[in-house]
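A.B. asks: Sequence:
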Amino acid sequence: MVVVGFLTSFLATLVACGTSLDGTPTADAAGAPSSSAGEEVEPAHTSEAGVTMISEFPGDGPRADTAACVQLDVRLKVADGDTHVTTPTGDHSMVVSLNDTRVIPGIRSGARGMRVGGRRALGIPPALAYGDHGWKLGGVPPGARLHADVTVLWAADPPKWSWESLHHAVSSGQHHLSLDEGSGPALEAGGQATALISSMDLKHDAVLKTGWPSCSAQAIDLGSSDVSVWFRNELKGLRSGGTRIVLKPSDVPAEQADAWLVTLVGVRN
Numbered sequence: 001m002v003v004v005g006f007l008t009s010f011l012a013t014l015v016a017c018g019t020s021l022d023g024t025p026t027a028d029a030a031g032a033p034s035s036s037a038g039e040e041v042e043p044a045h046t047s048e049a050g051v052t053m054i055s056e057f058p059g060d061g062p063r064a065d066t067a068a069c070v071q072l073d074v075r076l077k078v079a080d081g082d083t084h085v086t087t088p089t090g091d092h093s094m095v096v097s098l099n100d101t102r103v104i105p106g107i108r109s110g111a112r113g114m115r116v117g118g119r120r121a122l123g124i125p126p127a128l129a130y131g132d133h134g135w136k137l138g139g140v141p142p143g144a145r146l147h148a149d150v151t152v153l154w155a156a157d158p159p160k161w162s163w164e165s166l167h168h169a170v171s172s173g174q175h176h177l178s179l180d181e182g183s184g185p186a187l188e189a190g191g192q193a194t195a196l197i198s199s200m201d202l203k204h205d206a207v208l209k210t211g212w213p214s215c216s217a218q219a220i221d222l223g224s225s226d227v228s229v230w231f232r233n234e235l236k237g238l239r240s241g242g243t244r245i246v247l248k249p250s251d252v253p254a255e256q257a258d259a260w261l262v263t264l265v266g267v268r269n
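Using full-length UniProt numbering, you'd call the opening residue of the sequence shown number 1 and step up by one each time.
Misleading hints may appear alongside valid ones.
[Claimed, not checked] Across the chosen pairs, the derived CB separations fall in these ranges:
| # | residue 1 | residue 2 | range |
| --- | --- | --- | --- |
| 1 | 137 | 202 | 42 to 48 Å |
| 2 | 201 | 221 | 21 to 27 Å |
| 3 | 47 | 173 | 52 to 58 Å |
| 4 | 249 | 45 | 52 to 58 Å |
No wet-lab data here; the hints were simulated from the structure.
Ideal placement from N, C-alpha and C gives every residue a C-beta, glycine not left out.
Kindly generate the complete structure, drawing on both the sequences and the hints.
C.D. replies: Rendered as structure tokens:
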């Protein structure tokens, strides 16, 4: 459910995983931090890449461009002021790396230097958007200049852990290992989340598949019967921005993966 209108192509994995779930810190209904808390709007300027920073509300969270993965809320329209770039789902957020070349250069360049909780209004020239060909499916005509409102909802690096700590958790009968309980909304029974998930094989101390550093987020629905009850139970109460390693119960049939590192990017209950 990522807003693929901001990507240079439709990617099935991103379409399935990005959401407009609430992140930390929270934003107003327009997806932008409120300016009523004494925030100063920085003056317009143009970057070396040619992106015009029309206005900015500074954030005070982690920097986006030093993080491995970020969640951006992006509202994009053609600069004539009338044409909003369409998306298949209506969602506006995506979990990406700012080095991901599938994101149009104007967004990647324009988000540099931003912090979590910050918002920028950007003027993006055609060369850093969809160029002379445009993007017909998204409603972008050839040679169009774009306007984007970008908010950084979340930014983080991969969590640190050790195989020794995992084996100790298993031997002591723990069902999950908490690395960081997060500070945003807590995931409740029946709630939904966007998460970066890595599967692990404790028999061989091997990571089988990881959401880091590709920033391949997945959707988790605790109300779905497709998610095992024991897995749901070990994620309940984890807050947005937090990370737990969920351990497979001993009575669950054997499979290659027996532990999952789960970082919640956003939560909606």
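A.B. asks: Each hint: holds or not?
C.D. replies: Outcome of the hint check:
The hinted range of 42 to 48 Å is satisfied by residue 137 and residue 202, whose Cβ atoms lie roughly 44 Å apart. A C-beta distance of roughly 25 Å is found between residue 201 and residue 221, which places it inside the suggested range of 21 to 27 Å. A beta carbon spacing of about 54 Å between residue 47 and residue 173 agrees with the range 52 to 58 Å that was offered as a hint. Distance hint for residue 249 and residue 45: a CB-CB separation of about 56 Å, consistent with the stated range 52 to 58 Å.
Hint compliance for this structure: every hint is met.
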